[in-house]
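Student: The task is simple: from the sequences and hints, build the whole structure.
Top to bottom, those sequences are chains A, B and C.
Residue 1 is where the first sequence starts when you use the working numbering, and the numbers rise one by one after that.
Residue 1001 is where the second sequence starts when you use the working numbering, and the numbers rise one by one after that.
Residue 2001 is where the third sequence starts when you use the working numbering, and the numbers rise one by one after that.
Calculated directly from the structure, the hints in this document are not laboratory data.
Even glycine gets a Cβ: it sits at the ideal position worked out from N, Cα and C.
Among the clues, some could well be false.
Said to hold, decoys possible - Chain A side only, calculated, beta carbon under 8 Å to chain B, not exhaustive:
id, residue
1, T13
2, V20
3, M23
4, T25
5, L26
6, I58
7, G59
8, L80
9, L83
10, N95
11, I96
12, N119
Claimed, not checked - No farther apart than 20 Å at their CA atoms in a straight line, the calculated lysine to any residue pairs in the SDA-like style are these:
id, chain 1, residue 1, chain 2, residue 2
13, A, K39, B, P1122
14, A, K147, C, D2007
15, B, K1100, C, R2146
16, B, K1040, C, D2007
17, A, K56, B, G1120
18, B, K1024, C, D2007
19, B, K1054, C, R2146
20, C, K2040, A, R70
21, C, K2024, A, L76
22, A, K56, C, G2059
23, C, K2039, A, P122
24, A, K40, B, I1127
25, A, K39, B, G1126
26, B, K1056, C, R2069
27, C, K2147, B, G1120
28, A, K40, B, P1122
The primary structure of each chain is shown beneath.
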Amino acid sequence: MANLTLDEPLFGTFVFYASVLAMKTLFMSIWTLRHRLAKKIYPLPEDYERRGLKAKPIGFIDEDIERVRRSHLNDLENVLPFLIIGFLFVLTEPNIVIAKWIFRLFTLARFSFTLGYLNGIPFLRGICGFIPGMLCNVVMTVMVMRKAFGNL
Amino acid sequence: MANLTLDEPLFGTFVFYASVLAMKTLFMSIWTLRHRLAKKIYPLPEDYERRGLKAKPIGFIDEDIERVRRSHLNDLENVLPFLIIGFLFVLTEPNIVIAKWIFRLFTLARFSFTLGYLNGIPFLRGICGFIPGMLCNVVMTVMVMRKAFGNL
Amino acid sequence: MANLTLDEPLFGTFVFYASVLAMKTLFMSIWTLRHRLAKKIYPLPEDYERRGLKAKPIGFIDEDIERVRRSHLNDLENVLPFLIIGFLFVLTEPNIVIAKWIFRLFTLARFSFTLGYLNGIPFLRGICGFIPGMLCNVVMTVMVMRKAFGNL
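Tutor: Have a look at this one:
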C-alpha cells in the first residue's frame, strides 16, 4: 500500500496538485460572481428586488457569465473525477515518474482549458486543454481498472 | 498518518458530516422530482407522451424547479470538493479542534444556503450560506496546499 | 481498518467498479462532442467562426446534445457521490457480500439509466436506472452515517 502520509513522495505530489486544482475549481464561483456584480445580472428575482432593479427572466443568458459557468461545469466533469481517480491511482502503486508527470500535465492542461474558454482561444481550450486533460484521466482510469481487474 | 478508522476522532467526525452532506446533496434530486411531478413539468418529451400530455419544449424553465436544480448544481460545486479536500485535510493531521469546527460550520452553512435558495431569502443564501461555506473550503485547501508544498 | 490495497477483496472490488463508472462518466464528454461535430452545433461563437459557419446563439438547445449533457449532469449528481461515499463505506468495514452487491447493482443501474436517457426509454431510465442507483447511494450513506454517529 502507498502510505497515506505527505512524506510519501507520490502521495505528497498528488495532494499538492489536487489542492491546486481544487482551489482553481472553487475560484470559478468567485469569477462568476465578479461578472454578475459587474454586469448587474443576477441568478434570482429577489437579487434584483433588493437592489431596486427590474428583474431579468431566470433563464437569461449573458455570454461572459455563461463562459465562466460552462468552464466551471467542465471542471466538475473533469477535475472532480481526477481528484478521485488520481487518489485511487496512487493506491495502485504506479511508476512514480509517470504518475508525477500525469499529475503535472493534467494541472497544466486544465489551466490552459480555462484560459482558452474564458478568452475565446480554441487552441488553448482544446488541443492544449481539454484533450490532454481527458487523456490523463483516461490513462489513469485504465491503469486502475487493469490493476483491479478480477475483483468483480 | 491519521488512521483511517472511525475510532480515530477527527476522521470519525469528518465521515459523519460527510455522510450528512452527501445525503443532503442526494436529496436535491428527490426534491426536483417532487416539483416536477406536482407541476407536471418533465425533462423529456417521452415523459409527456406516456402520460398523454402535450410536451413542453426541452429547455422549458419553471422557476421552482430551476431553483432546486441550481442549488443542486451549487452543491456539486461546493459539497463535492468539500468531501474530497476535507478527506485530504484530515490526512494532513490538522489541529483537531479547528478541523472539527470547520466541518460543523461548513455543514451548517450549506443547509442555510439551500434553505435561502429555495425560499428566496438572500441573507440565508449568501452571508450565512455560500460565503462561510466557500471560506471553509478555501481555508482547508490552503492548509493542505501549504503542507504538501515542495512536492512539485 | 479495511486495508487500502487492491489485495483486500472489498477494496479491490470497489476500485474496479469505481474505475468502470469513472470511465463511463468521462465518456459522456466524448459522446457530447460526437453529437456536436455530427450536427455542427458548437458551444461557443469562435467554434463557428473558425469553420466559417453562421453562429447559433450561445444558449441554443438541440435535443440530442441536450440528452447527453443532462445524463452527464445526472452522472455528476449520482456517480461522483457514489465514488466518495462508496470509499467511506468500504472504510466502515461493512458486510462484504452486501457491499459487493451494492457496487454491482449501482454500476448496472447507471448504465441502464444512460441507455434509457439517450434512447428515450423511460423504463430503463427510471425503474431500472435512476431509482436503484439512488437507493444504493442512500443505503450506503445511511450505513456510513450510523457507524460514524456520535462523532459530532
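Student: Give a verdict on every hint.
Tutor: Going down the list of hints, with the structure as the test:
no. : hint              : result
1   : T13               : holds (4 Å)
2   : V20               : holds (7 Å)
3   : M23               : holds (5 Å)
4   : T25               : holds (6 Å)
5   : L26               : holds (6 Å)
6   : I58               : holds (5 Å)
7   : G59               : holds (4 Å)
8   : L80               : holds (6 Å)
9   : L83               : holds (5 Å)
10  : N95               : violated (17 Å)
11  : I96               : violated (11 Å)
12  : N119              : violated (22 Å)
13  : A:K39 - B:P1122   : holds (19 Å)
14  : A:K147 - C:D2007  : holds (10 Å)
15  : B:K1100 - C:R2146 : holds (18 Å)
16  : B:K1040 - C:D2007 : violated (50 Å)
17  : A:K56 - B:G1120   : holds (16 Å)
18  : B:K1024 - C:D2007 : violated (33 Å)
19  : B:K1054 - C:R2146 : violated (45 Å)
20  : C:K2040 - A:R70   : holds (19 Å)
21  : C:K2024 - A:L76   : holds (15 Å)
22  : A:K56 - C:G2059   : holds (16 Å)
23  : C:K2039 - A:P122  : holds (19 Å)
24  : A:K40 - B:I1127   : holds (19 Å)
25  : A:K39 - B:G1126   : holds (19 Å)
26  : B:K1056 - C:R2069 : holds (18 Å)
27  : C:K2147 - B:G1120 : violated (35 Å)
28  : A:K40 - B:P1122   : holds (16 Å)
Checked against the numbered hints above, the structure breaks hints 10, 11, 12, 16, 18, 19 and 27 and satisfies the rest.
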